[in-house]
Amino acid sequence: GEQVEQRPPHLSVREGDSAVIICTYTDPNSYYFFWYKQEPGAGLQLLMKVFSSTEINEGQGFTVLLNKKDKQLSLNLTAAHPGDSAVYFCAVSGNYAQGLTFGLGTRVSVFP
Amino acid sequence: EAAVTQSPRNKVTVTGGNVTLSCRQTNSHNYMYWYRQDTGHGLRLIHYSYGAGNLQIGDVPDGYKATRTTQEDFFLLLELASPSQTSLYFCASSDGGGDEQYFGPGTRLTVL
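As you go down the protein sequences, you meet chains S and L in turn.
Numbering-wise (my numbering), the first sequence opens with residue 519 and increments by one.
Numbering-wise (my numbering), the second sequence opens with residue 4 and increments by one.
Simulated from the structure, these hints should not be mistaken for laboratory data.
Among the hints, erroneous ones may be present.
Said to hold, decoys possible - A partial selection of chain L residues facing chain S, derived with a Cβ cut-off under 7 Å:
{"id": "1", "residue": "G45"}
{"id": "2", "residue": "L46"}
{"id": "3", "residue": "G61"}
{"id": "4", "residue": "P64"}
{"id": "5", "residue": "G66"}
{"id": "6", "residue": "P108"}
Note that CB positions come from ideal geometry on N, CA and C, so glycine has one too.
Okay, chain S solo, but in the shape it has when bound (with noise of 0.2 Å):
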């Protein structure tokens, strides 16, 4: 089944800077794409969904980034501050509603 990589697990940032957050998954057959952030004592938090026929989709204060040649999902942090402290996680599923699967999480620090 669908296996997903996600580097690093844990990220310390100084605010103001950027950070880069990776995923790589196995299925050429997945089609839709997740970025979720949890937050401590919190539930998961959807930041974007990408669709397969999306390359760059820019939320607000990051940037996702698909590229099916290479199966690889990246959240760009593009100036970080305090309240993006928290786990994030990235998600994949495939073309029906069944569960995704997830990485297990990177850790974001920032740091004044």
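Starting from the known structure of chain S, arrange chain L on it as the hints suggest.
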């Protein structure tokens, strides 16, 4: 905004105990999911459902039963709890294939 609630938020039981975790969604979503989150494993799918009375097995179903009584309610049952089931459990709902999943706040279960 999508709303998924879980109860209890925290639960402690003993080995061999009987536990029921509850999830309710008020999004009118057809699909509901149970995941467990463990350090080193990320989130893993236990069971999911397409609608009332439907149940599908996920990736780590052993030791768990689930029941979807209504569109809104999805229950996870541990009939003979073991310490290996100590985990953080998340429920989620979605509208269909490829749609984002909305997560509840989680239930922390400890099996002594």
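The hints, checked one at a time:
1. G45: holds, 4 Å
2. L46: holds, 4 Å
3. G61: Status holds, d = 6 Å.
4. P64: violated, 11 Å
5. G66: For G66 of chain L, the interface hint is violated, since the closest Cβ of chain S sits about 17 Å away, which is over 7 Å.
6. P108: With a closest approach of 5 Å, the P108 of chain L hint holds.
The earlier numbered hints that this structure contradicts are 4 and 5.
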